[in-house]
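A.B. asks: Chain residues, written in single-letter form:
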Amino acid sequence: MKKIIILFMMLASSMSVSATSLPMFVVTTFEDEQEAQFVELLQKQEALANVSHKSYGAPIRLMVSYHHEATAGGSVASFTTLMMSASSLGVIPVLENNDFVVSYQLRVQSKTIASFSYVINTTDAISIYAGRQTKFSPKVQAFVDSTPAKFAADLAKDAAFKALTQEYEFYFGKQ
Amino acid sequence: MPNLLKLVLCCCVFMLASCTNLKKNPQTLPKGLYIDKNVTVPNTVKLRYYIPQTAQEFKFFAPWRGVWVEPGPSYVKGLQSALSVRFTDVKPLVPNVDDDFAWLLVLDPEWEPENGNVTLTVKYRLLGIDGKVLIKGEEKSKASLGDLADTAAFYNTTVETSVRIAVHMLNNLQPSPEKFGKLAKISSLDLSLLADMKEPISTGTGFFINQTGDILTAAHVMDQCLITKAAFGDKEIQVRSQFSSHLLDVAVLKSEFGQVPFLPLRAGDDILLGEPVANVGFPLQGVLSTSANLTRGNLSSATGITGSMGHIQFSAPIQPGSSGGPVVSDAGEVLGMAVSTLNINNLIEKGIVPQNVNFALNRSYIRKFLDKHKIAYSTLAAGKTNDANTANQKALSAVVKLSCYQ
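Protein chains in written order, with our numbering: chain A, 1 to 175; chain B, 1 to 406.
None of these hints come from the bench; they were simulated from the model.
Check the hints yourself; a few may be wrong.
[Said to hold, decoys possible] With a Cα cut of at most 27 Å, we get these calculated BS3-like pairs of lysine-lysine:
{"no.": "1", "chain 1": "B", "residue 1": "Lys374", "chain 2": "A", "residue 2": "Lys174"}
{"no.": "2", "chain 1": "B", "residue 1": "Lys140", "chain 2": "A", "residue 2": "Lys111"}
{"no.": "3", "chain 1": "B", "residue 1": "Lys235", "chain 2": "A", "residue 2": "Lys111"}
{"no.": "4", "chain 1": "B", "residue 1": "Lys229", "chain 2": "A", "residue 2": "Lys157"}
{"no.": "5", "chain 1": "B", "residue 1": "Lys229", "chain 2": "A", "residue 2": "Lys150"}
{"no.": "6", "chain 1": "B", "residue 1": "Lys77", "chain 2": "A", "residue 2": "Lys54"}
{"no.": "7", "chain 1": "B", "residue 1": "Lys368", "chain 2": "A", "residue 2": "Lys135"}
{"no.": "8", "chain 1": "B", "residue 1": "Lys198", "chain 2": "A", "residue 2": "Lys174"}
{"no.": "9", "chain 1": "A", "residue 1": "Lys111", "chain 2": "B", "residue 2": "Lys229"}
{"no.": "10", "chain 1": "B", "residue 1": "Lys31", "chain 2": "A", "residue 2": "Lys174"}
{"no.": "11", "chain 1": "B", "residue 1": "Lys59", "chain 2": "A", "residue 2": "Lys150"}
{"no.": "12", "chain 1": "B", "residue 1": "Lys198", "chain 2": "B", "residue 2": "Lys179"}
{"no.": "13", "chain 1": "A", "residue 1": "Lys44", "chain 2": "B", "residue 2": "Lys374"}
[Stated by the list, open to error] Simulated DEER-style distance windows between Cβ atoms:
{"no.": "14", "chain 1": "B", "residue 1": "Asn38", "chain 2": "A", "residue 2": "Glu31", "range": "41 to 47 Å"}
{"no.": "15", "chain 1": "A", "residue 1": "Lys139", "chain 2": "B", "residue 2": "Arg65", "range": "45 to 51 Å"}
{"no.": "16", "chain 1": "A", "residue 1": "Ser127", "chain 2": "B", "residue 2": "Arg65", "range": "44 to 50 Å"}
{"no.": "17", "chain 1": "B", "residue 1": "Asn96", "chain 2": "A", "residue 2": "Ser137", "range": "47 to 53 Å"}
{"no.": "18", "chain 1": "A", "residue 1": "Glu40", "chain 2": "B", "residue 2": "Ile352", "range": "26 to 32 Å"}
[As the list claims (entries may be wrong)] Going by beta-carbon spacing under 8 Å, a handful of chain A positions derived as facing chain B:
{"no.": "19", "residue": "Ser21"}
{"no.": "20", "residue": "Phe25"}
{"no.": "21", "residue": "His67"}
{"no.": "22", "residue": "Lys111"}
{"no.": "23", "residue": "Ala114"}
{"no.": "24", "residue": "Tyr118"}
{"no.": "25", "residue": "Phe143"}
{"no.": "26", "residue": "Ala153"}
{"no.": "27", "residue": "Gly173"}
Being a predicted model, the structure only gives us computed values, none of them experimental.
Just so it is clear, CB atoms sit at the ideal spot from N, CA and C, and this is done for glycine as well.
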């Protein structure tokens with residue numbers, strides 16, 4: 001009987017955790033318009049429904065950033081195609097192969113409590129006259145848009161986030 | 001012709017970029033470096049390493065590229081990669097965790113950017129189980145930064161310096177289970193051997209909340225401390241964190257100061273806007289006097305900045321170092337604890353110069369936190385005695401200066 005009560009209490013506690021959406025201030029390194037769309041995607045996740053890029057004073061902060069990471073094979077391919085591109089006066093594009101990484105960092109005040117990164121390998125054909133592109137390719141954009149759901153799923157399993165949710169409930173939950 | 005020039009320039013940029021974003025293999029030894037044939041690699045000596053928290057977390061935002069540049073996290077990754085190739089049991093040191101070591105490597109990395117390059121300088125000391133220095137030295141490595149968005153310069157300089165340090169330790173000490181098999185507990189380690197005790201990296205304020213010497217402060221004051229010292233009167237002692245909440249930004253420290261003056265919290269949850277308050281703290285240490293500073297103002301709002309939780313706003317001026325100081329009424333009751341101020345830089349960029357907008361954690365949440373952790377405190381009903389001078393003296397007598405060392 002005691003075991004059943006403990007099990008029920010554990011289930012009740014895990015249910016209350018998933019039902020709470022913590023208020024968070026979100027900052028991203030995406031361009032303004034992209035950021036607005038991205039925040040909407042975050043807000044569609046139940047656990048992230050209360051993220052906002054206007055809650056400047058919120059102690060819980062979500063920082064989302066992206067970067068490219070060179071791969072060894074990609075650098076060789078890039079160098080080879082660069083030579084070919086140069087010899088064809090730029091008619092042949094340069095092929096770049098990189099890992100595109102989206103990183104999520106969840107902080108409480110200045111302390112990082114959870115961080116997750118999602119990676120996709122991309123190959124792009126770039127004209128050497130085009131300069132640096134800030135817009136994502138459709139493949140990368142689709143990947144970026146898929147990360148909020150992955151992040152929400154990872155967060156739901158994270159012990160530190162569960163503890164934070166319970167602490168939030170204790171201090172600020174409905175009495 | 002201009003197109004051809006552009007093409008050549010593009011080639012140069014691409015070639016440079018492809019060199020600066022490639023990560024070094026941590027297994028490869030730099031030219032001219034070798035490991036003595038008598039040394040077993042990977043070696044079984046139990047190695048733990050310590051990097052100051054500020055160095056581990058050092059990163060900055062490069063707005064011109066829209067990316068975070070992370071020298072600190074790159075250092076942590078590169079170091080672990082380089083050492084784990086040469087040692088079978090190597091991990092970062094976590095204070096107060098049940099672990100032991102044979103060698104303890106204390107590292108102090110510093111980055112210096114110059115003309116598109118970065119130079120990493122790492123000062124290091126290797127301690128044995130008795131805390132004595134076995135080896136110490138300094139390694140430097142320089143690399144071209146290239147494009148900050150995908151630079152491998154921070155990782156590569158880390159790998160190079162870490163490999164050199166590892167090889168130096170292995171060749172000079174030739175570790176074997178017979179020579180370095182004995183282990184020491186990390187919990188019994190004197191942490192002052194690791195920290196730079198010459199100067200604190202930051203200071204803050206705390207105040208006694210009961211006679212036995214428990215100190216209340218803001219959690220962020222303690223965030224990066226390996227060692228925290230509390231100064232009260234002419235005595236300075238080491239204190240340790242008992243409980244903390246980063247969500248509320250509050251912590252309780254256990255101290256050995258006994259029979260101390262303390263401040264009561266005001267009973268009830270009412271907030272009287274306009275009520276005169278005093279804030280006591282130790283701001284701008286090294287610039288202002290070492291004695292406590294007292295400033296006066298009013299309770300300006302029952303809430304804080306948009307999105308904040310459990311804050312009240314007050315107008316008594318605060319400075320860096322004031323965090324954790326009590327906000328007291330003229331009757332000497334604690335109404336809150338100073339935690340933050342408006343980010344003036346951001347507002348000045350928008351043409352706004354804010355004045356006296358500071359925030360404290362509301363006493364209701366302090367009480368809730370103390371109740372949760374069963375920490376003794378006393379309460380006083382509002383407005384029994386109103387004598388600002390007496391209340392100020394009472395607040396001044398109960399504050400402590402906190403110094404944080406790494």
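A.B. asks: All hints, please: hold or fail.
C.D. replies: Hints and how they fare:
Simply put, Lys374(B) and Lys174(A) have alpha-carbon atoms about 22 Å apart, close enough for the 27 Å limit, and the pair holds. For the hint pairing Lys140(B) with Lys111(A), the CA-to-CA distance comes to about 30 Å; that exceeds 27 Å, so the pair is violated. Taken as a hint, the Lys235(B) and Lys111(A) pair is broken in the structure, with Cα atoms around 31 Å apart against an allowance of 27 Å. The straight-line distance between the Cα atoms of Lys229(B) and Lys157(A) is roughly 37 Å, outside the 27 Å bound, and the hint therefore fails.
At most 27 Å may separate the alpha-carbon atoms for a hinted pair to count; Lys229(B) and Lys150(A) exceed this at roughly 43 Å. Taken as a hint, the Lys77(B) and Lys54(A) pair is broken in the structure, with Cα atoms around 34 Å apart against an allowance of 27 Å. For the hint linking Lys368(B) to Lys135(A), the alpha-carbon distance of about 49 Å lies beyond 27 Å, and the restraint is violated. As the CA atoms of Lys198(B) and Lys174(A) are separated by approximately 48 Å, the hinted pair breaks the 27 Å bound.
Taken as a hint, the Lys111(A) and Lys229(B) pair is honoured in the structure, with Cα atoms around 21 Å apart against an allowance of 27 Å. For the hint pairing Lys31(B) with Lys174(A), the CA-to-CA distance comes to about 64 Å; that exceeds 27 Å, so the pair is violated. The suggested pairing of Lys59(B) with Lys150(A) holds, with an alpha-carbon distance near 25 Å, which does not exceed 27 Å. Annotation: proposed proximity of Lys198(B) to Lys179(B) is violated, straight-line Cα distance about 33 Å (limit 27 Å).
For the proposed pair Lys44(A) and Lys374(B), the alpha carbon gap of about 39 Å is over 27 Å, so the pair is violated. As the Cβ distance of Asn38(B) to Glu31(A) is approximately 58 Å, the hint placing it in 41 to 47 Å is violated. Checked against the hint of 45 to 51 Å, the C-beta distance between Lys139(A) and Arg65(B) comes to roughly 22 Å, which is inconsistent with it. Against the hinted window of 44 to 50 Å, the Cβ-Cβ separation of Ser127(A) and Arg65(B) comes to about 21 Å, which falls outside the hint.
Between Asn96(B) and Ser137(A) the C-beta distance comes to about 48 Å, which sits within the given range of 47 to 53 Å. At roughly 29 Å, the beta carbons of Glu40(A) and Ile352(B) sit within the given window of 26 to 32 Å. With a cut of 8 Å, the hint placing Ser21(A) at the interface with chain B is violated, because the nearest CB-to-CB distance is about 14 Å. With a least beta-carbon distance of about 6 Å to chain B, the hint placing Phe25(A) at the interface is held under the 8 Å criterion.
Here the hint on His67(A) is kept, as its CB sits about 6 Å from the closest CB of chain B, short of 8 Å. Checking Lys111(A) against chain B by beta carbon gives a least distance of about 5 Å; that is within 8 Å, so the hint holds. Given hint, Ala114(A) at the interface with chain B, is violated; its Cβ is 13 Å from that chain's nearest Cβ, farther than 8 Å. Checking Tyr118(A) against chain B: minimum C-beta separation of about 16 Å lies over 8 Å; hint violated.
Hint status for Phe143(A): violated, given a least beta-carbon distance of 17 Å to chain B, over 8 Å. Among the interface hints, the one on Ala153(A) is violated; its C-beta lies about 23 Å from the nearest C-beta in chain B, farther than the 8 Å criterion. The interface hint given for Gly173(A) is broken, as the beta carbon of that residue sits about 11 Å from the closest beta carbon of chain B, more than 8 Å.
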